[in-house]
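Trainee: Spelled out, the chains give:
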Amino acid sequence: MRIFEQKLFKNKVEATGLLLFLLLAVLPLLLGIIYALLYSLGITGLVSDGFTLKYWQQAFTDIELWYSMGYTFYIALATITLTIAGALLLTIYLKEPLQQGFAGFSIYVPLAFPAIVVAFLIFQLASQSGFFARIIYQLGWISSTAQFPELVNDTYGIGIIAAHTFMALPFFTLYFINLYDQENINQLAKVGQTLGASSAQQHRRIVVPILLRRAFPTLTLYTIFVMGSYEIPLIVGRQSPQMISVLVIRKLRKFNLSDIPEAYISALLFITLIIIGLTLIFKNRNFSYDLDQ
Amino acid sequence: MTSISKSKSMAARMIALAFVFPVLYLLVLSLADSWIFPQLLPEALTLKRWGTLVGGANNLWGSLLLSLIIAFTVATVSTICGFFTSKHLAYHPNRSLWMRLSYFPFVLSPVIYAAVLYYYFIRLGLSGSIMGVILGQLLIAYPYSVILFSGFWSKRMLHIEKLVQTLGGHRWQTYRRVLLPMAQGLLLVCFFQTFLISWFEYGLTTIIGVGKVQTLTLKVFQYINEASFYNAALSSSLLVLPPIILLYFNKRYLFQKRW
Numbered sequence: 001m002r003i004f005e006q007k008l009f010k011n012k013v014e015a016t017g018l019l020l021f022l023l024l025a026v027l028p029l030l031l032g033i034i035y036a037l038l039y040s041l042g043i044t045g046l047v048s049d050g051f052t053l054k055y056w057q058q059a060f061t062d063i064e065l066w067y068s069m070g071y072t073f074y075i076a077l078a079t080i081t082l083t084i085a086g087a088l089l090l091t092i093y094l095k096e097p098l099q100q101g102f103a104g105f106s107i108y109v110p111l112a113f114p115a116i117v118v119a120f121l122i123f124q125l126a127s128q129s130g131f132f133a134r135i136i137y138q139l140g141w142i143s144s145t146a147q148f149p150e151l152v153n154d155t156y157g158i159g160i161i162a163a164h165t166f167m168a169l170p171f172f173t174l175y176f177i178n179l180y181d182q183e184n185i186n187q188l189a190k191v192g193q194t195l196g197a198s199s200a201q202q203h204r205r206i207v208v209p210i211l212l213r214r215a216f217p218t219l220t221l222y223t224i225f226v227m228g229s230y231e232i233p234l235i236v237g238r239q240s241p242q243m244i245s246v247l248v249i250r251k252l253r254k255f256n257l258s259d260i261p262e263a264y265i266s267a268l269l270f271i272t273l274i275i276i277g278l279t280l281i282f283k284n285r286n287f288s289y290d291l292d293q
Numbered sequence: 001m002t003s004i005s006k007s008k009s010m011a012a013r014m015i016a017l018a019f020v021f022p023v024l025y026l027l028v029l030s031l032a033d034s035w036i037f038p039q040l041l042p043e044a045l046t047l048k049r050w051g052t053l054v055g056g057a058n059n060l061w062g063s064l065l066l067s068l069i070i071a072f073t074v075a076t077v078s079t080i081c082g083f084f085t086s087k088h089l090a091y092h093p094n095r096s097l098w099m100r101l102s103y104f105p106f107v108l109s110p111v112i113y114a115a116v117l118y119y120y121f122i123r124l125g126l127s128g129s130i131m132g133v134i135l136g137q138l139l140i141a142y143p144y145s146v147i148l149f150s151g152f153w154s155k156r157m158l159h160i161e162k163l164v165q166t167l168g169g170h171r172w173q174t175y176r177r178v179l180l181p182m183a184q185g186l187l188l189v190c191f192f193q194t195f196l197i198s199w200f201e202y203g204l205t206t207i208i209g210v211g212k213v214q215t216l217t218l219k220v221f222q223y224i225n226e227a228s229f230y231n232a233a234l235s236s237s238l239l240v241l242p243p244i245i246l247l248y249f250n251k252r253y254l255f256q257k258r259w
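Here the protein sequences come in this chain order: A and B. Position one of the first sequence corresponds to residue 1 (this note's numbering), numbered consecutively onward. Position one of the second sequence corresponds to residue 1 (this note's numbering), numbered consecutively onward.
Bound-form chain B, shown alone:
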C-alpha cells in the first residue's frame, strides 16, 4: 500500500516537473549567451539581454507598459460593465436568450471575429490605434464577464436585495453596502481573468492594431519571425511571469474557463 502511494507521489512530482520545466527553460534561454545545437546547456549565461529591457533599442519596456495599460483598461471596463449589465440580463424575462447570445462573441475565434469586423474599425478610424485594440478586446472580454457574473445573480440575491430595499436602502446603498461586498471575490476573479484575456491576446490585436500596436505578444511573434529566439524568450518571460506571480498569491484568479 505504501509503495503504491510512494509511486503515485513520485509520478505526481514528475508531472509537476514537466509543467514547471517550460518556465525554467524560457528563463535559461532568455539568459543564454549562446546555445546552439547540440549543446544541452548554454555555453554561458548573461544578464545583458535583461539589462536592455529599460532603454534598449528593442523597446520591450514600452511594449510591457503598453500591454499593461491595455489589459488594465480592458479588465476595468469589462468588469464594471459586466457586473452592471449582467444583473439586468439575469433578471430579464429573456435571461436565457441573453446569456446564450453572450457566448457567441466569446467562443468565436478572436482572429476571425477581428477579420469580419475590421471594415468597421477602418470606417470608425480605429484601426491601427490603441483605442481600436482596446475596443476590439472589450468585444471579447465584456461578454466573458457577463457570463462570469451571470451565476452571481440568483433568486437568493434578488431576495436579499428586496430585503435591503424593504428596510429602506436605496439603490446606491444596496450596491455599496450589500451587492458589491458580496461580489468582491468574483469581481477580483473577473478583473484578473479579463486582464489575462487581454494580456494573452495576439490574433485580434494584430488585425485591429495592424501591427502598429506593439503589445508583448506581438513582440514575441516578431522575434520568432526574425529567428531571434533569445529575445523571444525574454519577451515570453515577461508575458508569463506576472500571471505566475498572480498564481502564487491566489490560484483561483487563474482557474476559470476563458473560452
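With the rest of the complex left out, here is chain A:
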C-alpha cells in the first residue's frame, strides 16, 4: 500500500504559489515605489540630469501639495465621522426594521453603485440646477439657480463628502448590525440594564464602544480608501484644493515636465501615509492571522 506523504511546505507547488504572490502582489508595488523614487531624485525619467534633491525641496515648499494633503485628510475624516454617526444611529434605533422587507433589500442597493456613478448622481441631484434645486424652486424658496447653495464643486467638499457617505453609510450600517448580533451586544446591554444602566448609558458604555472597537480595522481601511479616491473628487471636486489622487494625475499629465517628479513625490508621500495607516491596523488585535481565528 502506498502511503501518501503530505508535503504542505517546501515543495514545488508551494514555491509556485509563493512566486505567483510575489510576482503579482509584492514585486509590482516595489517596482512602482523604486521608479517613483528614482524619478523624484532625478536619476531616471524625461527630466533626468543626475542625482538631485531639488524636486524634493521644491515639493516640500509647494503649498499646493500640503493643502492637498490637508484637504484629503479633511474629506476622509469628515466622511468617516458622518458615516460612523449615521451607521450607529441606524443600528441602534432602526436595526430591526432595516432587516425586513423592502428596507432589508434597499439598504444593499448603494453597494451596487460604482464611485463614478455616485459622483454623477450627486452632480445631477445637488448642483445648482439639479433635482434638489428644482424642488426648492418649485416650492418658491428660490427664483434662480444662483440662489441655490453650491453643494457641488464647492470649497468645503460637500459634494465629495456626500458621495462618499452615500456609499459608506449602508455598508457600515450592515456591518454594525452584523457585529451587533455576532458580539451578543443585545445580551450585554440587558445585563447593563439589570445592573441599573439607563438606555443612554447602555448605548454609550456598551453598544458604541464594542462596535467601534471591533470595527476599528475596517473603519481605518475605509478611511484610507476614501483618501485615495479619484473619480468622486474629479467630478464633484474643485480645481483647488484637490484631493491627492487628482493632484498626482494632474501633475503627471501637465505639459510642464518639471511637475512630473513632484507628482511622484506626492504619490510616495501618499504611499507612506498608507504604510503608516496599515501599520496601525496590523497592531490591532482584531487583525490577527492566527490559524485558529
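Rather than coming from a laboratory, the hints here were simulated on the basis of the structure. Ideal Cβ placement from N, Cα and C applies to all residues, glycine included. Please note that the accuracy of each hint is not assured.
Stretch-level coverage of chain A by chain B, calculated; a stretch enters the list once three of its residues show a Cβ under 8 Å from a Cβ in chain B [stated by the list, open to error]:
#1 57 to 68
#2 90 to 98
#3 216 to 230
#4 236 to 242
Subject to a maximum C-alpha distance of 25 Å in a straight line, what follows is the list of computed BS3-like cross-link-like pairs (lysine-lysine) [said to hold, decoys possible]:
#5 A/K12 x B/K6
#6 B/K155 x A/K283
#7 A/K12 x B/K212
#8 A/K190 x A/K95
#9 A/K54 x A/K254
#10 A/K190 x B/K8
#11 B/K251 x A/K95
#12 B/K212 x A/K254
#13 A/K95 x B/K212
#14 B/K6 x A/K190
#15 A/K95 x B/K6
Given the coordinates of chain A, assemble chain B onto it according to the supplied hints.
Mentor: Coordinates of chain B only, in the frame set by chain A:
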C-alpha cells in the same frame, strides 16, 4: 410602544426610499426626452436612447461587452490564483507577513498605483491595450482574493485535509472532493467581488488603457465631460443594473469589504 415601532418602521421606509431613489432617477434620466431646469419631471419619455444601445454610434454595446470580458477574465483568474496561492501563504511560517503584504496593493489608490507602474506597462508594450488593463486590474483583484480566502485556511481545514490524505486521497482528489466543495460559497463570493472590482474600476483603467480601452466607466466619464447627461445616465444604468440583479439573487455577493 406600537406608535414607536410604527414610527421606526416609517423611518426605515424613508431611508430605504432614499437608497432606491438614485436608481429610479438614473432610469428616468436615461429615458428622458428633455429635462431642463426648473422642471421636476421630464417633458416626455423616450426609448430612443435605449434603442441605440445595439448598433448605435455611441458604441455602448461594445463598451458593455468589453467591460464584461475584462471583468469576467479578471474575476476568473484572480479567484483561481487567489484560492490556489492563499493556501500556501496561509500555511506558510511567515503567514502574517504575506497576509499583511497582500493589503498594500489592495488599499493603495488604484490610480496612484497605476501612475507609479505606468512606466513598466509602456516597457512591456501593454499600455493602451486590453491585456494591459486586465493585468493592471489583476494587481488589485488578486491580492483581494488572497485576503478573502485567507480566512478559509484554518487549522480545522488542515486537519480535514490530513484526514483525507490519511484515508488515501491524492492531492487532486482532496481538492476536487473536499476543498473545492467546502469553498464553493466563498469561491462564488470571491468571483462576484473581483468581478465588481473590475466592473467598477475607472482610475487604473484610464491610466493603463490610455483612454483607448473604452470600458463602461470610461464612457460614463466621457459623457459627463461632454455634458451629455442623458447618455451618461444610460451608461450608468448599464453599470448599475447587473449588480442590482445580482443583489436580488444573493445579497452576500455584494456585502463584502472591497477595500
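Trainee: Take the hints in turn and mark each one as holding or not.
Mentor: Hint check:
no. : hint            : verdict
1   : 57 to 68        : violated (count 0)
2   : 90 to 98        : holds (count 6)
3   : 216 to 230      : holds (count 9)
4   : 236 to 242      : violated (count 0)
5   : A/K12 x B/K6    : 63 Å, violated
6   : B/K155 x A/K283 : 23 Å, holds
7   : A/K12 x B/K212  : 40 Å, violated
8   : A/K190 x A/K95  : 16 Å, holds
9   : A/K54 x A/K254  : 19 Å, holds
10  : A/K190 x B/K8   : 21 Å, holds
11  : B/K251 x A/K95  : 17 Å, holds
12  : B/K212 x A/K254 : 19 Å, holds
13  : A/K95 x B/K212  : 46 Å, violated
14  : B/K6 x A/K190   : 23 Å, holds
15  : A/K95 x B/K6    : 14 Å, holds
Against the hints set out earlier in the document, violations occur for numbers 1, 4, 5, 7 and 13.
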